[in-house]
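Once you have looked at the hints, place chain B on chain A.
For the protein sequence lines, the chains are A and B, in the order given.
Under my numbering, the first residue of the first sequence is numbered 1, with each subsequent residue one higher.
Under my numbering, the first residue of the second sequence is numbered 1, with each subsequent residue one higher.
Hints are supplied without guarantee of correctness; some may be wrong.
Mimicking DSS-like on lysine-lysine, the simulated pairs with C-alpha atoms at most 27 Å apart in a straight line are [as the list claims (entries may be wrong)]:
#1 A:K108 <-> A:K3
#2 B:K113 <-> B:K81
#3 B:K180 <-> A:K110
#4 A:K95 <-> A:K46
#5 B:K500 <-> A:K90
#6 A:K117 <-> B:K503
#7 A:K67 <-> B:K402
#8 B:K563 <-> B:K503
#9 A:K46 <-> A:K110
#10 A:K75 <-> A:K117
#11 B:K460 <-> B:K503
#12 B:K460 <-> B:K471
#13 B:K656 <-> A:K3
#14 B:K565 <-> B:K471
#15 A:K95 <-> B:K563
#16 A:K46 <-> B:K204
#17 B:K204 <-> A:K90
#18 B:K673 <-> B:K683
#19 A:K117 <-> B:K204
#20 A:K91 <-> A:K117
#21 A:K75 <-> B:K204
#22 B:K340 <-> B:K467
#23 A:K90 <-> A:K41
#24 B:K565 <-> B:K516
#25 A:K41 <-> A:K117
#26 B:K204 <-> A:K3
#27 B:K5 <-> A:K117
#28 B:K402 <-> B:K365
#29 A:K108 <-> B:K180
#30 B:K707 <-> A:K110
#31 A:K91 <-> B:K204
#32 A:K91 <-> B:K565
#33 B:K5 <-> A:K108
#34 A:K67 <-> A:K117
#35 B:K214 <-> A:K117
#36 B:K340 <-> B:K365
#37 A:K46 <-> A:K117
#38 B:K214 <-> A:K110
Derived from the structure by calculation, the hints contain no laboratory data.
The residues making up each chain are set out below.
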Amino acid sequence: MNKTIMTVDDSASVRQMVSFTLQGAGHVVIEAVDGVDALSKLQGSKVNMVITDLNMPNMDGIELIRKLRADPLYKFIPIIMLSTESQAAKKEEGKSAGATGWIVKPFKPKQLLAVVKKVLG
Amino acid sequence: MDINKAAYRDEAHELLSQLEISLLELEERPDDPELIGRIFRSMHTIKGSGSMFGFEGVAEFTHELETVFELIRNGKIHVSKELINVSLLARDQILLMIDSDNDLELLGTSASKKIIEDIWDLVPRDIREEGSGETEFFEHETDLQSKDVFDEHVYWIRFRPNPDLFYFGTNPILLLDEIKTLGECAVIADTRNIPPIRAINPEKCYTGWEIFLKTTCSVNIIREIFLFVEGDGIVDIRRIPHEPDSKNLSEIEPMKELIESLKILSDESLARFIEAPSSFPELFKAEESKKRAVIDAMDTTEAPVVEEPEPYEQHPVETRPFSLKDDFTATSSIRVASDKLDALLNLVGELVTVQARLNQVQSTKNDPEITSIAEEVERLTSELRENTMNIRMLPIGTIFNKFKRLVRDLSRELNKEVSLITEGSDTELDKTVIEKLNDPLIHIIRNSMDHGIESVNTRKALGKPQKGVIKLSASHSGTSVLIRIADDGAGVDPEAVRSKAVKNGFINETDVLTDKEIVRIIFAPGFSTVNKISDVSGRGVGMDVVKRSIEGLRGVVDISSEKGKGTTITLQLPLTLAIIEGLLVRIGEGFFVIPVSAVEECVELNEADADRARRRCMIDLRGDIIPFLDLRAMFNISGRAPSIEPVVIAEAYGDKLGFGVDHVIGHHQTVLKSLGAVYKDIKGVSGATILGDGTVALILDVPQLVKTVSNEYSSLSQAERSY
Numbered sequence: 001m002n003k004t005i006m007t008v009d010d011s012a013s014v015r016q017m018v019s020f021t022l023q024g025a026g027h028v029v030i031e032a033v034d035g036v037d038a039l040s041k042l043q044g045s046k047v048n049m050v051i052t053d054l055n056m057p058n059m060d061g062i063e064l065i066r067k068l069r070a071d072p073l074y075k076f077i078p079i080i081m082l083s084t085e086s087q088a089a090k091k092e093e094g095k096s097a098g099a100t101g102w103i104v105k106p107f108k109p110k111q112l113l114a115v116v117k118k119v120l121g
Numbered sequence: 001m002d003i004n005k006a007a008y009r010d011e012a013h014e015l016l017s018q019l020e021i022s023l024l025e026l027e028e029r030p031d032d033p034e035l036i037g038r039i040f041r042s043m044h045t046i047k048g049s050g051s052m053f054g055f056e057g058v059a060e061f062t063h064e065l066e067t068v069f070e071l072i073r074n075g076k077i078h079v080s081k082e083l084i085n086v087s088l089l090a091r092d093q094i095l096l097m098i099d100s101d102n103d104l105e106l107l108g109t110s111a112s113k114k115i116i117e118d119i120w121d122l123v124p125r126d127i128r129e130e131g132s133g134e135t136e137f138f139e140h141e142t143d144l145q146s147k148d149v150f151d152e153h154v155y156w157i158r159f160r161p162n163p164d165l166f167y168f169g170t171n172p173i174l175l176l177d178e179i180k181t182l183g184e185c186a187v188i189a190d191t192r193n194i195p196p197i198r199a200i201n202p203e204k205c206y207t208g209w210e211i212f213l214k215t216t217c218s219v220n221i222i223r224e225i226f227l228f229v230e231g232d233g234i235v236d237i238r239r240i241p242h243e244p245d246s247k248n249l250s251e252i253e254p255m256k257e258l259i260e261s262l263k264i265l266s267d268e269s270l271a272r273f274i275e276a277p278s279s280f281p282e283l284f285k286a287e288e289s290k291k292r293a294v295i296d297a298m299d300t301t302e303a304p305v306v307e308e309p310e311p312y313e314q315h316p317v318e319t320r321p322f323s324l325k326d327d328f329t330a331t332s333s334i335r336v337a338s339d340k341l342d343a344l345l346n347l348v349g350e351l352v353t354v355q356a357r358l359n360q361v362q363s364t365k366n367d368p369e370i371t372s373i374a375e376e377v378e379r380l381t382s383e384l385r386e387n388t389m390n391i392r393m394l395p396i397g398t399i400f401n402k403f404k405r406l407v408r409d410l411s412r413e414l415n416k417e418v419s420l421i422t423e424g425s426d427t428e429l430d431k432t433v434i435e436k437l438n439d440p441l442i443h444i445i446r447n448s449m450d451h452g453i454e455s456v457n458t459r460k461a462l463g464k465p466q467k468g469v470i471k472l473s474a475s476h477s478g479t480s481v482l483i484r485i486a487d488d489g490a491g492v493d494p495e496a497v498r499s500k501a502v503k504n505g506f507i508n509e510t511d512v513l514t515d516k517e518i519v520r521i522i523f524a525p526g527f528s529t530v531n532k533i534s535d536v537s538g539r540g541v542g543m544d545v546v547k548r549s550i551e552g553l554r555g556v557v558d559i560s561s562e563k564g565k566g567t568t569i570t571l572q573l574p575l576t577l578a579i580i581e582g583l584l585v586r587i588g589e590g591f592f593v594i595p596v597s598a599v600e601e602c603v604e605l606n607e608a609d610a611d612r613a614r615r616r617c618m619i620d621l622r623g624d625i626i627p628f629l630d631l632r633a634m635f636n637i638s639g640r641a642p643s644i645e646p647v648v649i650a651e652a653y654g655d656k657l658g659f660g661v662d663h664v665i666g667h668h669q670t671v672l673k674s675l676g677a678v679y680k681d682i683k684g685v686s687g688a689t690i691l692g693d694g695t696v697a698l699i700l701d702v703p704q705l706v707k708t709v710s711n712e713y714s715s716l717s718q719a720e721r722s723y
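Same shape as in the complex, but just chain A (with noise of 0.2 Å):
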């Protein structure tokens, strides 16, 4: 089932994995460096869930959540963050901000299609 996922991540190669990932699983990719680009290139068009980094300039991954949660058309999406940290308070924080999951980098393809999967159906 094609879905259209958006990856938020300022490393270059983490988009390109993800989107290399998710398309070779029939998805539509969006990608966008940072949260600003993210908000900017979604301006109110259907997006199935976004998959998030959490450390980026200009606007973060925790903020970038917070702003999608108050937009009711993303109120429901699945925002998964992904993370290095592995400090439980980041995570809490981008909990809290509305996020459904997380992954850990470094994580593998497959485990990144179980999440979507997890989260998508």
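Okay, now just chain B, sitting in the frame of chain A:
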């Protein structure tokens, strides 16, 4: 995975050069939180992505660095000069590791170890403990795939999600579906918390679930499914001890609880369930259909209760045309290997040549249809050419930034204080030109640092600011780019250069030269005023190499210097290398191209004026006397000049020169071809191009010709003066 590795390498290179710039900036503004944040993020990305794409060594090494910068970010330690030094070294080491095939091996070398030790030495001991304990990045080597096989068990999972579950984008149904993949299972919804329909907030989840699962997976696997929701709601997983004896049923606590809470299963069903767990899906099916009947009945009875249905508001649904594919799949930029661009440029070059041929054919055929096609092709070709050129343009800032590091390292080495100021770093130049500029600029900056800027003490004695300044600036000027490297150092001493030049036989004692001409001698091969050869410069291979490589780019080098005040070296470079706008002219049977960038104007001379011009080698251009070059004589072309002779006035180095030709044909997109090794030393011609009909036209090297002529002219005028 290899393409990911390559992408990571590219990205890491970019990040590392950013990191270098940021670190240098940090030295000037050690308390800028934004800057520290940027540095931290660069390291973070290098580490995070590195470990994803198999650069474990890079990740581990960067992790140490990142930990220290996290302490800086949190204000625990402060930035010092030593810290910047070590960080820069560390950055170089990361670069080395990324480029090597085995980064783990490099991680083990003493160089890497020393950098890590050095950087931790800068952190006070009490803070050190804290910093290293906080993150345990390299521990999670957990393999999710190892689903250990256990004996088959029945689990009872109670799932009561947080009512706000939907706000986190979680779909509980998917979790239930996922559970189903683990084995046979039965799910019962606990709907008791659902309020009456009028009190329902549709955005909340009131339902809970009881799940029975028969599986061979461990509890951890089941728990993992609920990983994202565990913190907020209740997820209770218990194993039901498999007791074949149905009499003990009531003693099993969870079962009792279950019966209490659900009141759905009859004792009989439960007994059968415990006896034969494999049959329970069917059991529950029966129970569920019973329940559904109840719910259906409830729905029909509930409906009339709603007395005043709220007026049905028609929410205007935003009907945005769904055009995702068009809008989004195109990313803002892509990476392309540079040889693909080179290939594209070559093809455009060929196309331009073919287009010229089409034009030629068109002009002889006189067929309106062909004419219109030819015009169309011409328009498209020139647009394509422009676009291709544009793709190859890079801001010169990409190399400017490298020099900041160079200046910093050299200042330490030479024990001088120098700061580098850059200007116009967004000026764009062809990629090839930029690449080839690197070495000459390094030479020039090294020279400025070594010979130009004085030592701190000398500067103090001279009343100059202690810190020397090198200014690197780039700007557009017509179809070329000017790059200036100016220092406020000692400048070139014309006397010193002169005596050295006389001693080494570059000029004669009696030669009369202006200061400007003397200063230019430093571009002569093998010339150096320095007696002691330093590590930095002074081997006498510097400036002439610079000159040659800039001229190889069809550029021009000039120097101006004032003793005691400083030196400015100016490089004038063409915007692009491969295709230029040319003015096509004809002399006898031969065709020549003069780059339009050098052409000032075209004038015409009548026969008498032209004769006089040829005799005196100069013409009178509205009162200005400028040198005149008879190309017919220069290239030994037979035939006579036309009665009215066109003269193309060109300019280089601020000097004008007139070229006498037979006929000015017009504008020509010129694809530059080199003449090959055999003809490379020919003066006055910089290359050749192929015209539409296959004829070869030579491209005149205007700067070279201007220089030759003005030298002759000055020696001539000297000779005249001596009479």
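Verification of the supplied hints:
1. Annotation: proposed proximity of K108 (chain A) to K3 (chain A) holds, straight-line Cα distance about 20 Å (limit 27 Å).
2. Among the hinted pairs, K113 (chain B) with K81 (chain B) is consistent with the structure: their alpha-carbon atoms are about 20 Å apart, no more than 27 Å.
3. For the suggested pair K180 (chain B) and K110 (chain A), the alpha carbons sit about 20 Å apart, so the restraint of at most 27 Å is met.
4. In summary, the hint linking K95 (chain A) to K46 (chain A) is supported, as the alpha carbons are separated by about 22 Å, within the 27 Å threshold.
5. Of the pairs offered as hints, the one joining K500 (chain B) and K90 (chain A) is violated, with about 68 Å between alpha carbons and a cut-off of 27 Å exceeded.
6. Of the pairs offered as hints, the one joining K117 (chain A) and K503 (chain B) is violated, with about 82 Å between alpha carbons and a cut-off of 27 Å exceeded.
7. The hinted pair formed by K67 (chain A) and K402 (chain B) fails the criterion: a straight-line CA distance of about 38 Å is larger than 27 Å.
8. Annotation: proposed proximity of K563 (chain B) to K503 (chain B) holds, straight-line Cα distance about 21 Å (limit 27 Å).
9. Between K46 (chain A) and K110 (chain A) the CA atoms are separated by roughly 25 Å; this keeps the pair inside 27 Å, and the hint holds.
10. Taking the CA atoms of K75 (chain A) and K117 (chain A), the gap is near 19 Å; set against the 27 Å cutoff, the hint holds.
11. The suggested pairing of K460 (chain B) with K503 (chain B) is violated, with an alpha-carbon distance near 33 Å, which exceeds 27 Å.
12. Annotation: proposed proximity of K460 (chain B) to K471 (chain B) holds, straight-line Cα distance about 20 Å (limit 27 Å).
13. With a CA separation close to 67 Å, the supplied pair K656 (chain B) and K3 (chain A) exceeds the 27 Å bound.
14. Proposed proximity of K565 (chain B) and K471 (chain B) is supported: the alpha carbons are some 14 Å apart, at most 27 Å.
15. Taken as a hint, the K95 (chain A) and K563 (chain B) pair is broken in the structure, with Cα atoms around 67 Å apart against an allowance of 27 Å.
16. Only pairs whose Cα atoms come within 27 Å are accepted, and K46 (chain A) paired with K204 (chain B) is accepted, the gap being roughly 22 Å.
17. Pair hint K204 (chain B) plus K90 (chain A) holds up; C-alpha atoms about 26 Å apart against a cutoff of 27 Å.
18. Our distance criterion of 27 Å between C-alpha atoms is met by K673 (chain B) and K683 (chain B), whose separation comes to about 16 Å.
19. Proximity of K117 (chain A) to K204 (chain B) is assessed by CA-CA distance (about 23 Å); at most 27 Å being required, the pair is judged to hold.
20. As the CA atoms of K91 (chain A) and K117 (chain A) are separated by approximately 21 Å, the hinted pair is consistent with the 27 Å bound.
21. A C-alpha spacing of about 12 Å is found between K75 (chain A) and K204 (chain B), which places the hinted pair at or below 27 Å, so the restraint holds.
22. Taking the CA atoms of K340 (chain B) and K467 (chain B), the gap is about 45 Å. The hint is violated against a cut of 27 Å.
23. Between K90 (chain A) and K41 (chain A), the direct Cα distance comes to roughly 26 Å. Compliance with the 27 Å bound is thereby established for this hinted pair.
24. Simply put, K565 (chain B) and K516 (chain B) have alpha-carbon atoms about 15 Å apart, close enough for the 27 Å limit, and the pair holds.
25. Taking the CA atoms of K41 (chain A) and K117 (chain A), the gap is about 24 Å. The hint holds against a cut of 27 Å.
26. Restraint check: the Cα-Cα separation between K204 (chain B) and K3 (chain A) comes to about 25 Å, which is no more than 27 Å; the hinted pair holds.
27. With a C-alpha separation of about 26 Å, the suggested pairing of K5 (chain B) with K117 (chain A) holds against the 27 Å cut-off.
28. Using a Cα cut-off of 27 Å, the hinted pair K402 (chain B) and K365 (chain B) is violated, with the two alpha carbons roughly 56 Å apart.
29. A threshold of 27 Å between alpha carbons decides the hint, and for K108 (chain A) with K180 (chain B) the separation of about 24 Å falls inside it, so the pair holds.
30. Among the hinted pairs, K707 (chain B) with K110 (chain A) is inconsistent with the structure: their alpha-carbon atoms are about 67 Å apart, more than 27 Å.
31. Straight-line distance between C-alpha atoms of K91 (chain A) and K204 (chain B) comes to about 23 Å, which keeps the hinted pair within the 27 Å bound.
32. Simply put, K91 (chain A) and K565 (chain B) have alpha-carbon atoms about 59 Å apart, too far for the 27 Å limit, and the pair is violated.
33. At roughly 13 Å between alpha-carbon atoms, K5 (chain B) and K108 (chain A) fall within 27 Å of each other, so this suggested pair holds.
34. With a C-alpha separation of about 24 Å, the suggested pair K67 (chain A) and K117 (chain A) falls inside the 27 Å cut-off, and the hint holds.
35. Under the criterion of a C-alpha separation no larger than 27 Å, the hint pairing K214 (chain B) with K117 (chain A) is consistent with the structure, at around 22 Å.
36. A distance of roughly 37 Å separates the Cα atoms of K340 (chain B) and K365 (chain B); the hinted pair therefore is violated under the 27 Å criterion.
37. A hinted pair counts as satisfied when its Cα atoms are at most 27 Å apart, and K46 (chain A) with K117 (chain A) qualifies at roughly 19 Å.
38. This hinted pair checks out: K214 (chain B) and K110 (chain A) have alpha carbons roughly 26 Å apart, not beyond 27 Å.
When each numbered hint is compared with the structure, violations occur for hints 5, 6, 7, 11, 13, 15, 22, 28, 30, 32 and 36.
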